[in-house]
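Engineer: For reference, the chains in residue letters:
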Amino acid sequence: MSEGTNKPAEELHEELERVWGNKPGWGAASAVNHTTVGLRFLITGLGFFLVGGLLAMLVRTQLALPEQDIIGPELYNQLFTMHGTVMMFLFAIPVLEGAAMYLIPKMIGTRDLVFPRLSALGYYCYLFGGLIILSSLVLQIAPDAGWFMYTPLSNAEFSPGKGPDFWLIGITFVEISAISAGVELVVSILRTRANGMALNKMPIFCWYILAMALMIIFGFPPLILGSILLELERAAGWVFFDVVGGGDPLLWQHLFWLFGHPEVYIIFLPAAGIVSTLIPVFAQRPLVGYRWIVLAIIVMGFISFGLWVHHMFTVGIPQLALAFFSIASMLVAIPTAIQIFAWLATLWTGKVVFRLPMLWILGFLIVFVAGGLTGVMLALVPFNWQVHDTHFVVAHMHYVLVGGMLFPLVAGFYYWLPHVSGRMPSDTLGRWGFWLFFGGFNMTFLLMHLTGLLGMPRRVYTYDAEMGWGWLNLLSSVGGFIMAIGVAVIILDITLHFRFGRKAKSNPWNADTLEWATPMPASAYNFASLPDIDTRHPMWEHPNLPETIEQGHHGLSEVMYERRDIFGSDAITGKVREVIHLPTNSWLPLQTALMIAVVCISLLVKVYPLALVASLGVLFFALRWGWHNGAHPVASPWRDDDPVDPPLHSRTFDGPGLWGMVVSLMANGTLYVSLLFGWFYLWTAAPQWSVPEEAPISLWPLLASGLALSAAVLIYRFAVTQLRNGSDAHLQKMLWIAASLGALHVGLLAWVLIAAPLKPSDLAHDAVLSVMLYYLLLHAGLATIFTVLQALRVRIGYVSLRLPYEPVVVQPFWIYTLGVFWMSFAAFVLLPMVWEVG
Amino acid sequence: MSVWSPLHPAQLVFGLVIWSGWFVLLYGGLSVACEFAPPPDKRGAVTWLNGVMLFCGAILAVLLIWLARRCWNAAPAHDDGDGSGRFIARIAAAAYLISALAAFALTLPSVILPPCV
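First to last, the sequence lines map onto chains F and B. As numbered in UniProt numbering, residues 1 to 838 make up the first sequence, in order. As numbered in UniProt numbering, residues 1 to 117 make up the second sequence, in order.
Check each hint, because a few of them may be wrong.
[To be verified] Estimated spans, in silico, between C-beta atoms of each pair: (1) F:831 / B:42: 25 to 35 Å; (2) F:822 / B:10: 38 to 48 Å; (3) F:446 / B:37: 25 to 35 Å; (4) F:345 / B:37: 49 to 59 Å; (5) F:382 / B:4: 36 to 46 Å; (6) B:42 / F:348: 47 to 57 Å; (7) F:795 / B:4: 39 to 49 Å; (8) F:700 / B:101: 25 to 35 Å; (9) F:834 / B:42: 24 to 34 Å; (10) B:37 / F:468: 27 to 37 Å; (11) F:609 / B:101: 50 to 60 Å; (12) F:75 / B:4: 30 to 40 Å; (13) B:101 / F:641: 50 to 60 Å.
[Stated by the list, open to error] Restricting the straight-line Cα-Cα distance to at most 25 Å, the calculated cross-link-like pairs of lysine to any residue (SDA-like) are: (14) F:575 / B:8; (15) B:42 / F:317; (16) F:575 / B:86; (17) F:505 / F:536.
Since the hints were derived computationally from the structure, they do not count as laboratory data. We put the CB at the ideal spot given by N, CA and C, even for glycine.
Next up, chain B with everything else stripped away, as it sits in the complex (with noise of 0.2 Å):
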């Protein structure tokens, strides 16, 4: 089975994957972002920095939900006897889901504050 398939166990932990790679591209982004050009500070949470995060974080939390859905339509085509398929896939689809909230819900700061103060 390859890895890919929705019933792959490691589609219990691809949605959280993604959201650690988002969470370390972020800070790490952010870091790296205010070091070589910071916005203005007077611009307040106003600048292309922020902007760039929630347009990122949004994507990608369509992209998860895109995933848990696919996950989630799989399983019930698929009950192979010991009903290990739908399990993976029903767990991995809300694996996927919490991942979307988490990784929407990491960029939410991003409306109120300014990104290197």
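Isolated chain F, as found in the complex (with noise of 0.2 Å):
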């Protein structure tokens, strides 16, 4: 695909820079671009970082000396519980999607994401959902049943301030943010990589991308579903968690700690992407064992999920059971050994070149092992019931996340900062910043081991003299403080560089991966020609690319209609399959974030009416979204000289919008799943699970609106099928049918929504019931909406047999919802039924 141009690289710029610019001045707020995005992400992070590290220094100042009240208990446990949120869902996730939305494209060799909007979108929602949550504590009504949210402690009954409100409705707007982000570079990384990157060409830092965007698709579900039942129960009085009503408290652990300890490994999987980047770059040659680490990061992806429990020894599980997970927990240290050997191996056989990154990755190699080990020491049974909920648990959660994600992503932040600005920051000041750093979080973190051995338990804001931990906290305080001293050197080392640093010279890591091959710093479209990449260290073997691509020798160096062009490619190959369109910038997500926005605040202040209008705007303007796709004017309407070879993306039936559908599909399908654990886990372990005496569904009618269903899906799919056969000719009629018909579902469903005498404020299983039909019903009225738009797109002529793409991105989304639909009637009306005969 290197069909370059004659044209000077210089107008080339200009007018890529034009198509693919920044509006200025307000306008900035409606760019998309990834670079933009990614870095507002890294920024805001930084921000959410600085904040949790103040509360963190004010719970040290606490805890420095026995019996203090510089804190009362009441401000100390909003603290704790804000420190570990704002780290957690604020700083640490976040930031680590942007790095990856920043680098991503780059190391890929393409121009953007493949869901631009979808990035801006992701960005708002983080903004927004982060200052609800801080609003909190400005507001000094800040959540303080600690970070993980435990009911019953966090119900109305136990917490009736709004601080559990904010928590609960901020993370799920934030989470929004991690799903698209998800989503995005899933879609971006198996369908947009440079001509001829086959899978085993990747940048290993795209598998470790991958891994972490597909487990927030899986991972995250979990905690907005119980997010949302704990927030009915609190604002509605639904009962899920209360045992009284036949809930269980344990429900909110499981769901929690779903997506709990997967997220550590969320956190730890981009980071440790980072380290197998820069070790072959700082040892000067390849990564030894890639494919060991690729095996290692899809053997991790999966048994990381299978250890929630580990956090949940104490509450009274058989033994069998709780050794299933133990055992599982430590089969999760097999992978992570693996990364460390090759890691180790390639330091071994390299000539390591001691650069200030390198030494971020030593600190590392040192701290991560040591918290590893305690996790592993965590993972037997007994060692874990005799320091639960100690500090040693505190300790040991802060060698694995500060060194298996903050050690990282400094070092990354040194090795990508000339990336950015152009310049080098400097040697000495780093070096300061990293053993200030190292030391005081040693000083902290490790005699916290002791501490917790000797018996403190977390989340008390004071302790008595006598217990003889007075001087092992003092100490972890002062090294609190140098570690933060070490936060402000590395801070101001960065901020002088972009006005003192030396200017930074082309590659100047001599790295081998392709977004050294970009100008620096990061022009808005990357690459003024798209290459081909037939190697794994492009940079080493071609080192002139930087060269060729500016000139535009390469695909894609001419600028169409000021559209934004990128390459589609195979998932397996890399091979180029079609040219995608881009959106450019757009207010559409700045306003779609907005609405949200407001249906948070309406919701956390109880204005009902506000949020379901506020609802109704989120769903104008996300329909709004979708009807500028495709053909549509502001998109890419047809033309006769439309590229055939290879086609635009909108003009063919497998672009990236079915693969973006597939895979939030999956995220929506793992949410659904969650609420059928909580189902059958109420059902068969709630202490007072309890069933009405009469089945509160009319089960005819059910099976009337299901029939309704599956007939709109067949319809829907046939048309699909005469639409691939190259038949368009009665295609706005059947979208027609099958919107009517799923009209009658949605009918139906809320007749006997309506008519069925749920008592979801007494009874739990009313209340999952209720929940079930509410999903139900509005993944039908989504998908008779979405038909509805198709075939007045049809009418339009934005949908035909030359533009047959857009109904088939709907597909998935009605077999979905007939699959859901079935397997709740199943599960809900069918299987209740054959237990109570039982």
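Work from the hints to combine the two standalone chains into their complex.
Structural biologist: Right, dumping it as structure tokens:
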């Protein structure tokens, strides 16, 4: 795909900058470009990190000496809750997502992520959600039940304030951002790599991010569901976790840790990706055991989902079940060890250059291995019982998270800083920053292991002098402040380097990956032309790539109709299949996120009519978003000179939208499966589970509505099959029929819901059933609306035989809706009937 | 290419998907069995439930090893130019093998621990 251009490089640059650049002034808020959005994530995350760090300093000040009363217990509870929340949800994950968003397109040789507006929406959801959560601190009503928000402590009875509401609603808002980043990154990595970049030629960092993104897709929905259920319990009195109505507080723990444990690996994997990227560069040799590391990433991605109960070893689970999770917790050490040995082997066999980023990598290896070893200790049930809820666990967690995430992240910051600014950081200041941080960190947390072993529980605001924990706490606090000085030095270094840092030469670390072939600082379009890539080390094997790319010697070096074009490629071989036209700057992400913020705030202040109106606003902007796609004039209307080899993606049956839909449905399906898990869990384990004397749902109307839905899906599928077979003769008519049947299904389902004598405030059984019915209604309603819009687009001419893309994208949504309907029918209606008979 | 082909990237995760399913079945099935048909505590680990778990774990491990062998054997015969087929088949074989070991390892505690205590 290397058809070049003879255009002068400057002219090409100006053209591309005009098409790909952000709007000036306030217009920058409409930017969707991955470089801009990625950097926004990083800078915002850094801001939240400073807030989280400040809260930690307050906590350490309070604990420095015994029997202090600088901070009272109420505020102390808010501080540790917000510290954990901010660091985990507003710093660690978003910053790594931001780094991935910034780097991935550059590493795979393309110009942007595949759904740029989704990137921007994700950022605004993150920003607004984060501000909502932080505002609770300013208003002095912050959540105070701990960052994992265990119920019953967090329920309306024991936490009557608004703190948990801020947490539950704010976190759910922020998680929209995580899911959108997950979808975006998966599809981008699989479908937009440079021509020829087969899976086995992909930079190792991309494997890590692919695994992280998929883990987000499967890991976050349980917490989203849990948050919705707990908020429903708090705000509407529905019963899910209250034992009296047949609920179970342990369900919350399961849902939380189903997310919470994989989250540790969601944080670790991209950081390990940074390590696997940097070590070969500074060892000046290829990574040892690329295939072994890919294997380790995949294995870790799965096994990390099987560990969640090791956070619940003390809740009274049978020994054998505990042993399953104990074994799984030990098994996960194997893929971790594979990576560590591969890194050591790379260092051993290379010629290591000890530049500043390597210092942080070294710190990572020491701290993370120590954290991993205490992790294996905690996987042993008897030891876990002994140190549960002590400072030992706090120390372990910080060794794993700071060692496994922050050290590599800072290494990465220093490594890619020249890429962002075009300048080099100060080596002297950087080394000071490292040693202060490294020393302070170990002083704080190494000693904290001992404090925990001596029996100091976590989350107590003070302790008696005679307990003997005073000197350890004092040293930990001093260490904490040394660490904070280290952070200040690093920030000073990074700030000063923008002004005083010496200019970086091209590829300053002699790296092998493609991001160093882009201009420094990065341009809006990354690559003036898109090269073919047939090696894992393009910059080592083709060191002149930056020049040939800039001069337009490779693919897509012509700007057509002011479109933002990138290549779409085969997921396995990386061979180019189509040209993907991306949307340009747009206000829709900001408008949609603002509307969601209004929904959240309305729910917080309990102004429900406003929440309803704002929800309709969200729907309006989301549909408008979908309308500005495909052949719409603001996207890429049909033109006679449209490229045919490869074609534009909106003229094909298998564009990235279909992949995006399928990946989104994976996340959606995980949420649904979590609901099913909740249903069966309560049914089998809740101490006071009870069912109404008569089944509350009318069987026959529900069955009739299911038949209407099935007919709608069959007709829709038939329409798409006809389209695939080359006929759009009755497309519009069939879409209208499918939409009508969908509407009939929605009507019947709504009638079933209204007619059912459900008492969700009294019985967990009815509460879960109600959630399921609303879930089905929402999906059927959306499928119907999508189909109405498709029919209208056929009428206008945006969808046709030549433009078949969109109906294919909507099809999986219909099939999913049908699948969850019949699954729900079986699990929520038929199975209980069988059980009752039994 | 069919997803069942040993060279399809789906094979990279199938083994671990099976392992995950087994994990869920093991944990969920144990909970349900202990709720509705718990073996007597005094039998210790010598119960029908432990036997079923061990038997199923062994069968599953054999199946996964067979799948690993299938992928491994497919690898050398399919060098497709860019090497992606061989790459996928080899990693998939290793992933199946690890899944087999992990599946069996999960069931091992059934040898010594009573199921419902």
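Engineer: All the hints need checking, so say for each whether the structure fits it.
Structural biologist: Verification of the supplied hints:
1. F:831 / B:42: 25 to 35 Å: Roughly 33 Å apart at Cβ, these two residues keep to the hinted range, so it holds.
2. F:822 / B:10: 38 to 48 Å: Violated, since residue 822 of chain F and residue 10 of chain B (Cβ atoms, about 25 Å apart) do not stay within the stated range.
3. F:446 / B:37: 25 to 35 Å: 49 Å, violated
4. F:345 / B:37: 49 to 59 Å: 51 Å, holds
5. F:382 / B:4: 36 to 46 Å: 44 Å, holds
6. B:42 / F:348: 47 to 57 Å: Given a distance of about 55 Å, which is inside 47 to 57 Å, the answer is holds.
7. F:795 / B:4: 39 to 49 Å: 41 Å, holds
8. F:700 / B:101: 25 to 35 Å: Hint violated: Cβ distance 50 Å, outside 25 to 35 Å.
9. F:834 / B:42: 24 to 34 Å: 32 Å, holds
10. B:37 / F:468: 27 to 37 Å: 51 Å, violated
11. F:609 / B:101: 50 to 60 Å: With a Cβ separation near 57 Å, residue 609 of chain F and residue 101 of chain B satisfy 50 to 60 Å, so the hint holds.
12. F:75 / B:4: 30 to 40 Å: Given a distance of about 59 Å, which is not inside 30 to 40 Å, the answer is violated.
13. B:101 / F:641: 50 to 60 Å: 58 Å, holds
14. F:575 / B:8: It holds: about 16 Å lies between the C-alpha atoms, which stays within 25 Å.
15. B:42 / F:317: 19 Å, holds
16. F:575 / B:86: At roughly 17 Å apart (the allowed maximum being 25 Å), residue 86 of chain B and residue 575 of chain F satisfy the hint.
17. F:505 / F:536: 22 Å, holds
Consistency with the previously given hints fails for numbers 2, 3, 8, 10 and 12, ordered from lowest to highest.
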